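Chains C and L are the protein sequences, given in the same order.
Residue numbers for the first sequence follow this note's numbering, so the first one is 685 and each next one is one higher.
Residue numbers for the second sequence follow this note's numbering, so the first one is 736 and each next one is one higher.
I should point out that these hints are in silico values taken from the structure, not numbers from a laboratory.
In this text the structure is predicted, and so the values were computed from the model without any measurement.
There are no misleading hints in this set.
Subject to a maximum C-alpha distance of 20 Å in a straight line, what follows is the list of computed DMTMM-like cross-link-like pairs (lysine to aspartate or glutamate): (1) Lys-707/C to Asp-956/L; (2) Lys-947/L to Asp-749/C; (3) Lys-764/C to Glu-874/C; (4) Lys-945/L to Glu-884/C.
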Amino acid sequence: MSTSKAKRINPNRILNTTQNGIKRITLSAPEVAENIPEVKPLRTPTKPKNFYLTVTHADRGMLDDHAHQVIASAAILADKETTVVALVLGELREDIASLGADKVIVMPEFDYQVFQPDAELACVLKVIDSLQPSRIFMPDNMIGDGELGRRLIATQPSKSAATHVIEIDAKHVASYQAGGSLLAFADLPEIILLAANTAETNLPFVASAIPDEQLKSTSYTFKESNSDYKNLGMLPVASATIALEEADFIVSAGNGVSNVATLETLARSLDAAIGASRVAVDDGKFPRDKQIGASGKTVSASAYLAIGISGAVQHLQGIKDCRHVIAINRDNSAPIVKRADLTVIGDAEEIMQSLILAIAEAKQATSNQTMSNPVN
Amino acid sequence: MNIIKHITTLVSAGRHPVSGEPRHCHNDSLAMTIGLDMAKSISAKHHVLHAGNPDNKALSEYLALGAGQIDVIPISDDTDVVDCLATQLNHADLILTGSRAESGEDSSLLPYLLAEKIGIPLVVNALAIKVKANTIEVLQFLPKGKRRHVTVKLPAIIAIHPLAPASLKFSYARQISGAIKTLLVPYTSTSTSVHKTQWQTLASIRKPIKLKAPENKSGHDRMMSAISSESKGGAVVNNGNSVEKAQVILGYLREHRLINF
Chain C
685 MSTSKAKRIN PNRILNTTQN GIKRITLSAP EVAENIPEVK PLRTPTKPKN FYLTVTHADR
745 GMLDDHAHQV IASAAILADK ETTVVALVLG ELREDIASLG ADKVIVMPEF DYQVFQPDAE
805 LACVLKVIDS LQPSRIFMPD NMIGDGELGR RLIATQPSKS AATHVIEIDA KHVASYQAGG
865 SLLAFADLPE IILLAANTAE TNLPFVASAI PDEQLKSTSY TFKESNSDYK NLGMLPVASA
925 TIALEEADFI VSAGNGVSNV ATLETLARSL DAAIGASRVA VDDGKFPRDK QIGASGKTVS
985 ASAYLAIGIS GAVQHLQGIK DCRHVIAINR DNSAPIVKRA DLTVIGDAEE IMQSLILAIA
1045 EAKQATSNQT MSNPVN
Chain L
736 MNIIKHITTL VSAGRHPVSG EPRHCHNDSL AMTIGLDMAK SISAKHHVLH AGNPDNKALS
796 EYLALGAGQI DVIPISDDTD VVDCLATQLN HADLILTGSR AESGEDSSLL PYLLAEKIGI
856 PLVVNALAIK VKANTIEVLQ FLPKGKRRHV TVKLPAIIAI HPLAPASLKF SYARQISGAI
916 KTLLVPYTST STSVHKTQWQ TLASIRKPIK LKAPENKSGH DRMMSAISSE SKGGAVVNNG
976 NSVEKAQVIL GYLREHRLIN F
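This is chain C alone, in the form it adopts within the complex (with noise of 0.2 Å):
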């Protein structure tokens, strides 16, 4: 076999775009692609006739993705003299301009932990009040959203109303009945629950998501002392014990994983649920069923620690729906950096060892912390 001296041309060379704006190839240059940040034209309308309304419950100071698809579908179905209000119950620490809110009221108070249901309607009956929207969209969710949402369509009976709605665009609603037998549709209409995965995200617009302090000052609401209902807390669980599918705090260990123990020792000390990928399990260091990935589980943990898993398709596939995902591995071009959030270069034993230990010191620190101010 005869190799050719010739110099193998990269066919797919990245343009570089001149002074001029003219995109050229340019042999001699080095491939250096220059990022220009794509810039979206603003959506916000300026003399507003109308406003959308969406109420949506925050997490830990982010909303989730079924959350964000409200918000985007809001938008998309706004005119150009439609505002979009987002209403958020619990502290918000995102910037949501490129979901198309255009203005955001947040309501730190109401956090999706604890059950105030009577003081949240009472907030959102104000907000309504106050702007008069012609549509709310609410996503139709366990933490607090489907509840709300059908306590507000409870209160409005002149208001027509949808859930479970699993289609939308200009016209119409859509949504499965008779135990999914059947497939419904009707007029879009004014307080609208919308089920996951019904909404693309990604807009070509952004929006000004300014912060409306004069609409979170009237629409505050002291909290009822008579209220029916009564916050006992949250019931301790330990992550160990919940169902993979279920858990927020995953530990996953894969072929780079050595010492089984220090991985246990570590999902202890952060609460974590353990996983494994599939050359992990196959080894037998773990059992069948903790297997992520296309033949194993597909998990939704907030949280996501790879450790030593390199991260083919099909353990990426189980982790899909993952919010944050942080891998250890000792290869820099494992297909699991390009999915991390953060990527960690170095040996799992060893970075799990100061981990524990690093964890134990905050841990210590904290309760000091605790103990010397009781008050908090």
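Starting from the structure of chain C, add chain L where the hints point.
Positioned in the frame of chain C, the structure of chain L alone reads:
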């Protein structure tokens, strides 16, 4: 002294997901079993109430599951079920239902509309209930393995979650000894669908279409977005010793409030 004298469970006609045959609604059966157990432990009277066709085959399955007697409000499909139920439930101290029906609109709205109509509090997604003085303590289901304790004043409506831990016991003897009692129709209400939403049904199920923002991109932009893969990828930490790397991970977890220490 016990203030709960009457517990009423609302049951609906279920539907087999594959054959479409009428059967008991699993979620309502769980609610009924929890209601029966509670009535037994606090010696209250338990009633089972259904609004619909008294000849429905599904009802006999509730008898087999221990209902004893089922009171049926005979209504046609176009009658407002909330009004009918509300007039029957004025004296109930505790009302139990399932979370979502398997027939009709199954919008999961009934407990909410009923609570609003009667003017009593409602707690949904209940996994277990316990009587405490003049309140009911409810263990609520939340996703991600979270559970919450709340109390609610009586009288109240409690909607039971489909994952509630109750075991159903089917007995043929109970099925043939039980009775279905048809109540008199209180009045005929003409209001039809809940909340004016007029649904048109389609018997064929198709995949729902996702809502997408209309894009007016040039052909070149569309081609570029199709051929260039989005290499998303987050931060990569190459440098430092293992202690520093562990601190980076801890910092990330703290920043996103994934840990509370």
